[in-house]
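Novice: Spelled out, the chains give:
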Amino acid sequence: MLKLFKEIRKAGDATTGYPFEPLEMPAGFRGKPEHNEKLCIACSACAIACPANAITMELDDKQSRITWDISYGRCIFCGRCQEVCPLFAIELTGDFELAVLNKDDLRESCSYEVACCSRCGKPYASAKEVDYARRVLESVGGTAAADIEKVDLCLDCRRFDDAEAFAHQAPERGEA
Amino acid sequence: MLENDFPNALQWRPDPVVLDAKVAEAKQKLLDSIKRSVYVYRVDCGGCNGCEIEIFSTITAAFDAERFGIKVVPSPRHADLLIYTGAMTRAMREPALRAYHAAPDPKIVMSYGACGCTGGIFHDNYCVWGGTDPILPVDVYVPGCPPSPPATIFGFATALGILDQKLHASHHVAPAGEQAPVAFPAIPYKVRTAFEREARRMSGYYYGKQIVDEFMLALTKDKVDALGAADALIAAETDTRKRAVFMDLKALLVSKVVDE
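For the protein sequence lines, the chains are A and B, in the order given. Okay, so the first sequence: first residue is -4 according to my numbering, each after it adds one. Okay, so the second sequence: first residue is 302 according to my numbering, each after it adds one.
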């Protein structure tokens, strides 16, 4: 009997100390996705990639602000948002203590200003994304920065411009 | 768009179980005074069994929920806490209600996993009626897919009022004119994206980002001799796989910057 107790003492305690002491999760553990509001440009890449639709982007009724919204209750912690984010603004952390008593506490949102097309006035992207694209194009320079004022146009207006330019070039191509 | 003018009788109308005021009072009283030793019955309403596996991990020696007197019991008649896992499917609604009514009052209801909380990835399935909350009064939500054993223990502790919840609803309004910083402004944008793409191609998005960040940090630190800094990084690296990625990135640096 004494031998058994000695044996048990030698084997030690396999049980974790949590919740009496903090538990360090292993590196690469996919816990709560942490959203960095300052880095985020509201480009919607994460909302498109999210397989569970936990992340959504919604334009408000006045079409002046776009809201990024995550429901931790729906999130399946796959890390696709982290994979697609061009600015690394969302990262899965080791935080696993997500249990709540009230369902509303599972939501987190952030609203961003929307930029409107300089020609037709339709909202087309978040102002932060347009600003980021402009600064990146300026830093790249060369042909990329040649038509930099086009970042202020929505996709439809840009298509219209391209089609017009194509039509103007028709005589040069010998199509008359 | 879907036509939404079905006959009213065919529309799904949830009739949630409403907690009796007397029962709610008794429950609060018991929760305030006992705070441990609950017997747990789990109801699988249509999940993938990932949550069940994690519940069993929670009662094994490594996490040992029986330290707190939490035991998994085979019948709802013995249970104080009902764990609803999986999305509430049309077919399992009746058994879920039967399990709820079979458990003696007062009882705690826990929505477990992403599917139990909101329907999770199956939320828009034709036979899924959302999470547990459309039909039952839920006390605690434990998100996760599946929740890990420590998350489960935290969920139990939250349900019993031992630990406070850490997550709170938040809404942030970004100020007008806020600018997102460009990462590593010292490195040309095209070179940086080429690095990132190559590192991710070599070792995936997670480790690729860590490796490319380390590489670019070393490059930006040494303002005079970037190639020398890359060489030093490669020489200091003991992990051969990581060194291979570093060497790849250095080759890219040479081809992109030095040769052009």
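In short, the hints are calculated from the structure, not lab data. Don't take every hint at face value.
[Claimed, not checked] With a straight-line Cα cutoff of 30 Å, these simulated DSS-like cross-link-like pairs (lysine-lysine) come out:
id, chain 1, residue 1, chain 2, residue 2
1, A, Lys98, B, Lys491
2, B, Lys522, B, Lys467
3, B, Lys491, A, Lys33
4, A, Lys98, B, Lys510
5, B, Lys372, A, Lys98
Novice: Which of the listed hints are not met by the structure?
Specialist: 1, 2, 4
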